[in-house]
Amino acid sequence: MDLSKVNNEEKLKLCRWYFKAGFFCLPFVWLINSIWFFKYAFLRPEYDEQKSIRKLVIWSAIGALVWAIAVASWVTTYQTHRVAWGEFGDWISVVTPTGSA
Amino acid sequence: MPDHYSPDDVCPNRNQGYCDSNQPWNPDGNSFLIKDWPFPVFLVQDDDYLKNITDCYKNFNTPVDSTQLSKPLCTLLLKSHMFAAVNSEVCTRRMVQQMVSIVKFCDPLGSENIVYPMISHNDTKEKKLIAVIARMDSTTLFDGLAPGAMSAVSGSATLMVLAEILNDLRPVIKAHDMFRGLTFILLNGESFDFIGSQRIVYDMEQGTFMTQNNKITLADIGMIIELSQLGPGKTFFVHRTADTYAADFANSLIVLSKNTTVEFKLSSMQPNQLPPVSINTFLGANSNISGIVVTNYDKSFTNRYYNGLFDNDTNLPVNVPGSQFENKLPPKGSTQSNLASAATIIARSIANAITKNEAIPYDIKLSRYVESVNEVLQCYLVSRKCKLFEKLYPMIASGAKGPEVLSLYVGIPTSVSHITRATWKVLAYLGSDSETSSSENCTALCSKDSELQCFWVKEETGEGKCVMSSARLLTAVSPAFEIEGYNWSSKQYSTWTESVWADTSVRMFVQGDHTKELVVMLSGLFTFFVSLASVYFINKNYESLFASMLIRMENC
Numbered sequence: 041m042d043l044s045k046v047n048n049e050e051k052l053k054l055c056r057w058y059f060k061a062g063f064f065c066l067p068f069v070w071l072i073n074s075i076w077f078f079k080y081a082f083l084r085p086e087y088d089e090q091k092s093i094r095k096l097v098i099w100s101a102i103g104a105l106v107w108a109i110a111v112a113s114w115v116t117t118y119q120t121h122r123v124a125w126g127e128f129g130d131w132i133s134v135v136t137p138t139g140s141a
Numbered sequence: 079m080p081d082h083y084s085p086d087d088v089c090p091n092r093n094q095g096y097c098d099s100n101q102p103w104n105p106d107g108n109s110f111l112i113k114d115w116p117f118p119v120f121l122v123q124d125d126d127y128l129k130n131i132t133d134c135y136k137n138f139n140t141p142v143d144s145t146q147l148s149k150p151l152c153t154l155l156l157k158s159h160m161f162a163a164v165n166s167e168v169c170t171r172r173m174v175q176q177m178v179s180i181v182k183f184c185d186p187l188g189s190e191n192i193v194y195p196m197i198s199h200n201d202t203k204e205k206k207l208i209a210v211i212a213r214m215d216s217t218t219l220f221d222g223l224a225p226g227a228m229s230a231v232s233g234s235a236t237l238m239v240l241a242e243i244l245n246d247l248r249p250v251i252k253a254h255d256m257f258r259g260l261t262f263i264l265l266n267g268e269s270f271d272f273i274g275s276q277r278i279v280y281d282m283e284q285g286t287f288m289t290q291n292n293k294i295t296l297a298d299i300g301m302i303i304e305l306s307q308l309g310p311g312k313t314f315f316v317h318r319t320a321d322t323y324a325a326d327f328a329n330s331l332i333v334l335s336k337n338t339t340v341e342f343k344l345s346s347m348q349p350n351q352l353p354p355v356s357i358n359t360f361l362g363a364n365s366n367i368s369g370i371v372v373t374n375y376d377k378s379f380t381n382r383y384y385n386g387l388f389d390n391d392t393n394l395p396v397n398v399p400g401s402q403f404e405n406k407l408p409p410k411g412s413t414q415s416n417l418a419s420a421a422t423i424i425a426r427s428i429a430n431a432i433t434k435n436e437a438i439p440y441d442i443k444l445s446r447y448v449e450s451v452n453e454v455l456q457c458y459l460v461s462r463k464c465k466l467f468e469k470l471y472p473m474i475a476s477g478a479k480g481p482e483v484l485s486l487y488v489g490i491p492t493s494v495s496h497i498t499r500a501t502w503k504v505l506a507y508l509g510s511d512s513e514t515s516s517s518e519n520c521t522a523l524c525s526k527d528s529e530l531q532c533f534w535v536k537e538e539t540g541e542g543k544c545v546m547s548s549a550r551l552l553t554a555v556s557p558a559f560e561i562e563g564y565n566w567s568s569k570q571y572s573t574w575t576e577s578v579w580a581d582t583s584v585r586m587f588v589q590g591d592h593t594k595e596l597v598v599m600l601s602g603l604f605t606f607f608v609s610l611a612s613v614y615f616i617n618k619n620y621e622s623l624f625a626s627m628l629i630r631m632e633n634c
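Chains as they are written, first to last, in the working numbering: chain E, 41 to 141; chain F, 79 to 634.
Since the hints were made in silico from the structure, they are not lab data.
One thing to keep in mind: the hints can contain errors.
Listed below are the simulated DSSO-like cross-link pairs for lysine-lysine, each with C-alpha atoms no more than 30 Å apart in a straight line [what the hints assert, rightly or not]: (1) 312/F <-> 410/F; (2) 618/F <-> 79/E; (3) 312/F <-> 293/F; (4) 312/F <-> 45/E; (5) 336/F <-> 410/F; (6) 206/F <-> 503/F.
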């Protein structure tokens, strides 16, 4: 969809819809939302819906960031502690790499 | 050949038995087998390959100095990725728990033991057994290469011929009162913390050892005689437990060896300070058993290549001068002659122990057994294309592929160990009775006695023989893998496993020097950025660049 061909009201609707969708554990939707509407939230001359879009973009970005931090820290912990966790570590693993540790 | 090389521990199988670290059994041991190697190790035996590698090294890599930084270098890429990680407990557990894809990480080591009850203890007055045992497996660092000439074959070959001698004496023995039964056991996986003997002891404790009609428990065993690392010399040392029965038996060996070509001596170690051999497993479970270990060493191994790749027919020489052209008997003083002589002496002592009557005359023709020892040793040490294997197990004798000398590595239970099966047939063939028959009638001969297993052999003369033997193959996998919820840290049983691997390879190539690599890298980067910039430029200015084209397209 080409956002430049959509009117502002439609844009806000779309942005809000993406923001809500992100709550279903879909951080990539938030990420896309924040990038996609970034131009219309901050760079375009002011229009009626811009304030709302800006708010949605900021919160989408924050949500995506929190997710990224959470996932990154889990992955780091899992990869570095998988062997030390022993039986539990193997139990939560879906694919165990072959070879050393 | 180095003058010593043993990749095993200085105290082999040190978790069991006696070993003084100041005066260990295997002083040449460098423990390569039990080290964690962080890189692959390959053995190159092909002379052409070796020459290629050394030539490549000499041409590109020498001299070894700073000039190496600026010239192309000969490189070997060794690939040997092992799937298993951490330890046996972890790799076994992971195998069970894989959810999505089924990946096997490791297999328990194991194969089959061979048990041959020659005289049942139920037929004797004391209802006790004499068990003659020897181990038949060896190992080295390398796959498919475990000759174990002195480490394993010297003992197992002597045991097979000992079974032949005692089977020949059996009619005479049976004519007298018998006090003790007799069983022969060839153990597998002993190089890896006594897998075979631990399994036998476990099965005995569970009451599932041998057949329903001929159960053997630990309490049935009176004495164990172990043959471990014998020859090539004429001196044999007797190690024993501290009881009088063992002392008497050791003494009878020494007395009987007088005025023969070989010499039996009492070990200078204290009684009960037994070598690192399988008997320790049985004594650990029942200390009332009398134990005798016959070896070629006193306080430490005379074998300088214990469980090593050089433990071959040079270490235990079996060459018979002129044997390729005529059926010549190995001369007096040869390995074969010494082992056969020792076997006759042990056979006499065992016969005396069974009958408790030293006056019985036995007619033992040594030359016959020297020939047997020779035939067996040729098969295991010189070539699998030998008379016995051709007759009994043509599959391993006839195949063109594979090494001449078969590996005695225990392997994993899911793949049949042909050398073990062949050994079972050799023991049965040498040590049991046979009847002339056609191959069709052979199975019928066995149907009347469930204890017997029959197989048909075609002799060189063309005559067919049906071998009827009570020798059996029994699973030799550590009890640790049988017991549910086994406590891995208990160290009670052997837990050795073998990693799964996909492929191994060695690749040799010449690696470019650093300047050349840098040039390639930089020109790549240059091309990348130039194309990036031009694409951006074209994209930005396409309207003016392709103006004429665009107009034409709009027109149509």
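Restraint check for residue 312/F with residue 293/F, where alpha carbons must lie at most 30 Å apart: 38 Å, violated
Given hint residue 503/F paired with residue 206/F - CA-CA distance at most 30 Å: Distance ~27 Å between residue 206/F and residue 503/F Cα, so the pair holds.
Distance restraint between residue 312/F and residue 45/E, which requires alpha-carbon spacing of 30 Å or less: 102 Å, violated
Restraint check for residue 312/F with residue 410/F, where alpha carbons must lie at most 30 Å apart: It holds: about 10 Å lies between the C-alpha atoms, which stays within 30 Å.
30 Å Cα cutoff - pair residue 618/F, residue 79/E: 20 Å, holds
Restraint check for residue 336/F with residue 410/F, where alpha carbons must lie at most 30 Å apart: 16 Å, holds
This entry does not satisfy hints 3, 4, going by the numbered hints stated previously.
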